[in-house]
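The residues making up each chain are set out below.
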Amino acid sequence: MNPFWKVFLSSLEFIFMQRNSQEKAADVENVPPVISTPHHYLISIHRDRLFFVSVIQTEVPPLFVIEFLHRVADTFQDYFGECSEAAIKDNVVIVYELLEEMLDNGFPLATESNILKELIKPPTILRSVVNSITGSSNVGDTLPTGQLSNIPWRRAGVKYTNNEAYFDVVEEIDAIIDKSGSTVFAEIQGVIDACIKLSGMPDLSLSFMNPRLLDDVSFHPCIRFKRWESERVLSFIPPDGNFRLISYRVSSQNLVAIPVYVKHSISFKENSSCGRFDITIGPKQNMGKTIEGITVTVHMPKVVLNMNLTPTQGSYTFDPVTKVLTWDVGKITPQKLPSLKGLVNLQSGAPKPEENPSLNIQFKIQQLAISGLKVNRLDMYGEKYKPFKGVKYVTKAGKFQVRT
Amino acid sequence: MLESNKDSAKLDAMKRIVGMIAKGKNASELFPAVVKNVASKNIEIKKLVYVYLVRYAEEQQDLALLSISTFQRALKDPNQLIRASALRVLSSIRVPIIVPIMMLAIKEASADLSPYVRKNAAHAIQKLYSLDPEQKEMLIEVIEKLLKDKSTLVAGSVVMAFEEVCPDRIDLIHKNYRKLCNLLVDVEEWGQVVIIHMLTRYARTQFVSPWKEDDGLEDNEKNFYESDDEQKEKTDHRKKPYTMDPDHRLLIRNTKPLLQSRNAAVVMAVAQLYWHISPKSEVGIISKSLVRLLRSNREVQYIVLQNIATMSIQRKGMFEPYLKSFYVRSTDPTMIKTLKLEILTNLANEANISTLLREFQTYVKSQDKQFAAATIQTIGRCATNISEVTDTCLNGLVCLLSNRDEIVVAESVVVIKKLLQMQPVQHGEIIKHMAKLLDSITVPVARASILWLIGENCERVPKIAPDVLRKMAKSFTSEDDLVKLQILNLGAKLYLTNSKQTKLLTQYILNLGKYDQNYDIRDRTRFIRQLIVPNEKSGALSKYAKKIFLAQKPAPLLESPFKDRDHFQLGTLSHTLNTKATGYLELSNWPEVAPDPSVRNVEVIELAKEWTPAGKAKKENSAKKFYSESEEEDSSDSSSDSESESESANGEQEEEGDSSEDSSEDISSEHRSDSESASEVGDKRTAKKNSKSKGKSYSEDGEKENEKSKTSDSSSTDSSSEEESSSDSESVSESESEPESRKVAKENEKKKTKQDRNPLTKDVSLLDLDDFNPVSTPVALPTPALSPSLIADLEGLNLSTCSSVISVTEEKLIIKSCSDNWVRTPVFVPVKTHVLLHRMSGRGLAAHYFFPRQPCIFGDKMVSVQITLNNTTDQKIENIHIGEKKLPVGMQMHVFNPIESLEPEGSITVSMGIDFCDSTQTASFQLCTKDDCFSVNIQPPVGELLLPVAMSEKDFKKEQGMLTGMNETSTVIMAAPQNFTPSVILQKVVNVANVGVVPSGQDNIHRFAAKTVHSGSLMLVTVELKEGSTAQLIINTERTVIGSVLLRELKPVLSQG
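Heads up: the sequence lines are chains A and B, in that order.
Residues 1 to 404, numbered by full-length UniProt numbering, are exactly what the first sequence covers, in order.
Residues 1 to 1057, numbered by full-length UniProt numbering, are exactly what the second sequence covers, in order.
None of these hints come from the bench; they were simulated from the model.
Fair warning: this is a prediction, and the values are worked out from it, not measured in the lab.
Heads up, a few of these hints could be off.
The calculated lysine to aspartate or glutamate pairs, modelled on EDC-like cross-linking and capped at a C-alpha distance of 16 angstroms, are [unchecked claim]:
#1 LYS323(A) with ASP368(B)
#2 LYS364(A) with ASP168(A)
#3 LYS365(B) with ASP178(A)
Here are the computed distance ranges between Cβ atoms for each label pair [unchecked claim]:
#4 GLN987(B) with THR183(A): 38 to 46 angstroms
#5 SER267(A) with SER952(B): 31 to 39 angstroms
#6 PRO38(A) with ILE97(B): 27 to 35 angstroms
#7 SER265(A) with LYS954(B): 37 to 45 angstroms
#8 ASP171(B) with GLN362(A): 52 to 60 angstroms
#9 LYS226(A) with PRO100(B): 44 to 52 angstroms
#10 SER348(A) with ARG522(B): 42 to 50 angstroms
From the three backbone atoms N, C-alpha and C, an ideal C-beta is built for every residue, glycine too.
Only chain A is shown next, with the shape it has when bound in the complex (with noise of 0.2 angstroms):
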């Protein structure tokens, strides 16, 4: 009749517990998020090699579920600090507990995790212990105030006596660099996630020195959609802990400076069953910064059966079973630029694969975002004690991939 579905707690928790451990991981990756069966329909997500299925009786907007159950993830990986099935399977009750809050009759309810936690507290080593003399529960007994409140997200009666509020601007750059160096696409999304640790009720507000670079942007509930559309100032008052303040894009007009280049040679033989390798990293654009956490992952065709290489800088493995090379470069020094060479095993007999793999690059750039972003500064007004302020930058390799 309408958006009405229904999550049966029991079959939930037997789907997602059931990980497709035979399937081998390229075909998980190809299961469809939206299966329809004759009179249910499943809709799952796939995450940390677990599956979490809801099933479905009735239309509903699809990204619904798909958000929600991501969100069901993410408070898993709050609580226990990994999403995994044994972490799930040691808690079961607590997710039960959980599943029960963040659910009626398939309609969520609570997801902040602010709430969550003023309802049922995470478990941690010393409350079990405190409980099990005392018997005291970790259910909370009284009504989060934030529920009721207009400001939801933010539990009440927060303490601290070291006051802080942290930002960390990251930026990945996505791109698609082709054979010949020139850059197909590119393009910058960043997030800004905060920690902030204040007592009270504080009202923030942070402004940057150049905002108009942010082309599209998305909020955490707490922000004030208004202020920022009239003045370009991000308004709000914080959520308790760590979370996502804002992610955006930066406008696709401005040039991107791709930091690395690769200079490679990939070439296998016809009829033999060998190829060469020759990849070589160099710096470039870097703006002064030292570019670490080199990581380069390529996806090799299926008639390679070995590596032999030598890298001058860092390791590299070579997974003959799912054939993914990967190369740990670590830094970037220009005086001598880390390269891999060697020879590459082919199955005799097989043709030789037409085309070369692509390239998946991982780095990370320290103090520095790559789009020229900076925070302007941050105000805090409604609360009178002055608090610890601080903004990291940091620029990291998105989906950045080299064809060849």
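Following the hints, complete the assembly by docking chain B onto the known chain A.
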């Protein structure tokens, strides 16, 4: 342990029981023991008991009743959390006997002081309804009450209940509509999704379609007035034929901020709302947010891509700026890849096809063969949709035939077959090539396709076809059924066309078929035998055998698999599955007449203050009021409303006799010139270009708000600058009298510039200008107030006198102002003119046009066209101007200034600029005089879409090296040797196309270089002379479309004597 006194022991026991439930073990025999604990003081035990109860109550109804009294007590608990959870569990116990108790509880709870409890009451409504639908009437009463609730907490849940219980009782919403719209932003995210979906349906039933209005906007002003006249509205204010209901506008405006939600479901919900109910001109803003969602998890990507695919079929333009976001990464899962491919195909058009094809080339080589095959199909679809690239695609696909991978080859064979079927041109070569492939390909579909193709074209390959049949006859028994059927068909067709050679073979095959295991094949054999082999029994049918077998088959239509999805509401489960899911609510069509809007009036206006004006405006319902109201609101909250205002503002301008195109262009160019201190002509052009390329998304940019306020004064400065420019012109050419120039200035301001007459008496002053020019040019350049219209005037004057000196200096001036030194002057300007309007059909007005091959002064993407008008009547023709324009999407046109009158036997030359978007599509427009309108059109020869480029041989080779593969088209030309002297070739090539000569080191190779006017992509033409009076003509360009058209035009010219 449950009997234990200690809470901790009980808790432990309950935890174990819940653990058992989780493992799937039946714990129902513990029911009595567990139920007792429902009264436990410990809240955690209580909760776990609740979990247990909800799970097993339906099985053990009698025992479950034991717990009811505890819940009833808990419903009166002072702690709201306990009240709420008691209600929750009570309503979750599916025991029919307690329905009356539940009903009572819900009624009480719906009047509870705590919104949290009321929220739970709303949830309980749905549960009770699913347990006992009999209670519907009572429940609707409760819903009605809760809908009036002003708490944001309740809103989402009650709408949910409404959707569940009585989605057709739209009348319940009326009074709460505005409240819901206003609360929407503050409702929690899940509630937002539900409310938005409900409001979408509501809007579709309550408001009239805003889409008609758009047609009006897109159309020319002329139509606009006509429709006005039709309505016969005799009010003082010009009234728009459609005024959006302010409530409708409210919904659209209030949902806009939600596009920035972090919740993908909310964004999608808003996107579908915009798609389904907002005016077409405003839908564009959702694309940016949807593209953002593509960064999310794979599941979200999947759903969003599906929806984009559906949207992109109907509205290409929406996602075109984000084309590159849909490029495929090798790490994407296959389902995402295919969806992206689908979208890329939908977005393909003449302008971007060459980049896309290049991208596809990469995909074809992908290791993911399924994806590679899908890419080939995509290329096929592009080839059919965009006829200009069909040849290029076909060539590319033929290259793929030599691919090593069988799936790829097979897929290309199938696609080639479809393509060849579509254009019954001679493709003997390809067919021959494919016939050869039969030896190597094993995939049955591909083999069958080849056989069919040979059969269909057996007359074109008379030598090969019988040979193929012979080979197939040999291997008949080992073929797949599909192939066998095609062998039979091929045999039959050959028998009919070439029975001398194939009679025996066919009979042999028919015999084989007769004893085949598959009855389909036996049937077919029998059928064919009766039809083609003449015997005494066969009747009239066999006479028509040839007609039956060799009839013209209609080409298959390659369509998007997402074509049929658009009747489902976007973002729904049904849309994703492409079947109607249970409980899918059809989105109704717009009503013809809007239902009475006053039902939404709330007697006591207690909500947001901005409602007061809206209410008033609606009552009076006049367009004027509507505007003032929207402006008022804008000023009150200066945020998200820029859009509505700019729209209405646009509308108003339009009514003042302004084409919407012009005005928007104008505003944006003013923005730029505002920010940049110097308002150089060239700069202005780039500004225009920018604003165009950015399209709609730009106009919604936040920047606009600030500048919007400045628009009024900037426009005044602009007009003053134009005034200056015209006074400039005055100082230069004293011919123009002062009042006249002032008039020009005034008219400039109105954008209704009229070109002043050009009587012969002014020739004298023109010579003055001539003398002046060399001096004034250097002065004029740094003072860039030289407006395009002025240049147009100058040019018009110059050309009428045909003074070569002027045109040279002017050309210099133009080229300098173009600030693009790369472009050089044309090698040769053909004098060939084309008829625009014949004097017979033009009632004495004749018009000719020709391409002067000069960079256009109106915009560097435009091609300049000169039109010569002749008056062959014996009367004055007055007010010659350009009326309605019917340009293909993207095409722009800069019209000439209206000519006030043309003397009998007089003639005048005017110039205009047309941006053809690098396509040979026709620009149609109306040439109007005072009394008549004539529809005329200009179709540019492809050679005129180019600008010559100066380049060295080395550069040429370098560029050529980069443009190989699909970007290269070539052909062989045969002609008499005297045609292949350098001068003849040069003359012929430059006659056809506006290209520049590249100095060549070799005698036998001639090179020409040019770039396209619109996109500036290189166009390299090479003529290489071979022995024996042949020559090879090669064209390398990114714009494969134009390349192949140019090739086709050059070929006959070069080969003819």
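For each hint, the structure was consulted:
1. LYS323(A) with ASP368(B): Status holds; Cα separation ~14 angstroms.
2. LYS364(A) with ASP168(A): Judged against 16 angstroms, a Cα distance of about 14 angstroms means the pair holds.
3. LYS365(B) with ASP178(A): holds (14 angstroms)
4. GLN987(B) with THR183(A): 38 to 46 angstroms: holds (42 angstroms)
5. SER267(A) with SER952(B): 31 to 39 angstroms: The hinted range 31 to 39 angstroms holds for SER267(A) and SER952(B), with Cβ atoms some 33 angstroms apart.
6. PRO38(A) with ILE97(B): 27 to 35 angstroms: holds (32 angstroms)
7. SER265(A) with LYS954(B): 37 to 45 angstroms: violated (26 angstroms)
8. ASP171(B) with GLN362(A): 52 to 60 angstroms: Holds: the Cβ-Cβ distance is about 58 angstroms, inside 52 to 60 angstroms.
9. LYS226(A) with PRO100(B): 44 to 52 angstroms: holds (48 angstroms)
10. SER348(A) with ARG522(B): 42 to 50 angstroms: holds (46 angstroms)
Consistency note: the structure conflicts with earlier hint 7 alone.
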